[in-house]
Amino acid sequence: MLGTKLGSIIINKIASFFSWLLSCANEGIRFAFPSAMENQTVDFFFSALLPIIFVITFFDILSYFGILTWIIDKVGAVISKISRLPKLESFFSIQMMFLGNTEALAVVRDQLSVLKENRLLTFGIMSMSSVSGSILGAYLSMVPATY
Numbered sequence: 001m002l003g004t005k006l007g008s009i010i011i012n013k014i015a016s017f018f019s020w021l022l023s024c025a026n027e028g029i030r031f032a033f034p035s036a037m038e039n040q041t042v043d044f045f046f047s048a049l050l051p052i053i054f055v056i057t058f059f060d061i062l063s064y065f066g067i068l069t070w071i072i073d074k075v076g077a078v079i080s081k082i083s084r085l086p087k088l089e090s091f092f093s094i095q096m097m098f099l100g101n102t103e104a105l106a107v108v109r110d111q112l113s114v115l116k117e118n119r120l121l122t123f124g125i126m127s128m129s130s131v132s133g134s135i136l137g138a139y140l141s142m143v144p145a146t147y
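Heads up, the sequence shown is in the numbering used here, so the first residue is 1 and it goes up one at a time.
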């Protein structure tokens with residue numbers, strides 16, 4: 001998918017949406033804790049953990065109104081046709097690229113309760129093989145990016 005121009009455009013649009021979502025989280029943190037966000041070095045709590053809470057809450061609201069279920073169904077169907085995997089696994093794999101372990105599992109937690117063991121293993125393996133963008137951002141705030 002990344003080898004095509006259309007695939008690159010789609011991935012960039014999805015990435016820009018999640019970047020916007022995390023910037024909204026940072027604005028909310030800056031509003032609630034202005035003195036903590038003024039420092040040059042922001043604590044791990046403010047740079048990684050609070051955005052996770054914001055993103056989970058945002059997706060809970062989408063779940064409550066049924067929007068997330070619709071998104072999982074449509075995006076999962078498209079990716080499922082390409083990858084020949086079930087819709088939920090297809091959606092989850094794309095979501096893991098942008099959200100990471102904690103947020104992605106929280107988004108699909110309602111569906112996880114009805115899955116069989118073999119599908120749960122698939123989700124566990126996908127979760128363990130990814131690193132969240134917010135965690136990478138937190139690490140980059142502590143260690144220069146050249147490393």
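By construction, these hints were calculated from the structure, which means they are not laboratory data.
It cannot be assumed that every hint is accurate.
[Claimed, not checked] Distance condition first, Cα-Cα at most 16 Å in a straight line; then the derived EDC-like pairs of lysine to aspartate or glutamate: (1) Lys5 x Glu27; (2) Lys74 x Glu89; (3) Lys87 x Asp110; (4) Lys87 x Asp43.
Structure-based check of each hint:
Taking the CA atoms of Lys5 and Glu27, the gap is near 32 Å; set against the 16 Å cutoff, the hint is violated. Of the supplied pair hints, the one linking Lys74 and Glu89 holds, its CA atoms being roughly 13 Å apart against a limit of 16 Å. Pair hint Lys87 plus Asp110 holds up; C-alpha atoms about 15 Å apart against a cutoff of 16 Å. With a C-alpha separation of about 37 Å, the suggested pair Lys87 and Asp43 falls outside the 16 Å cut-off, and the hint is violated.
Comparing the model with each numbered hint stated earlier shows that hints 1, 4 do not hold.
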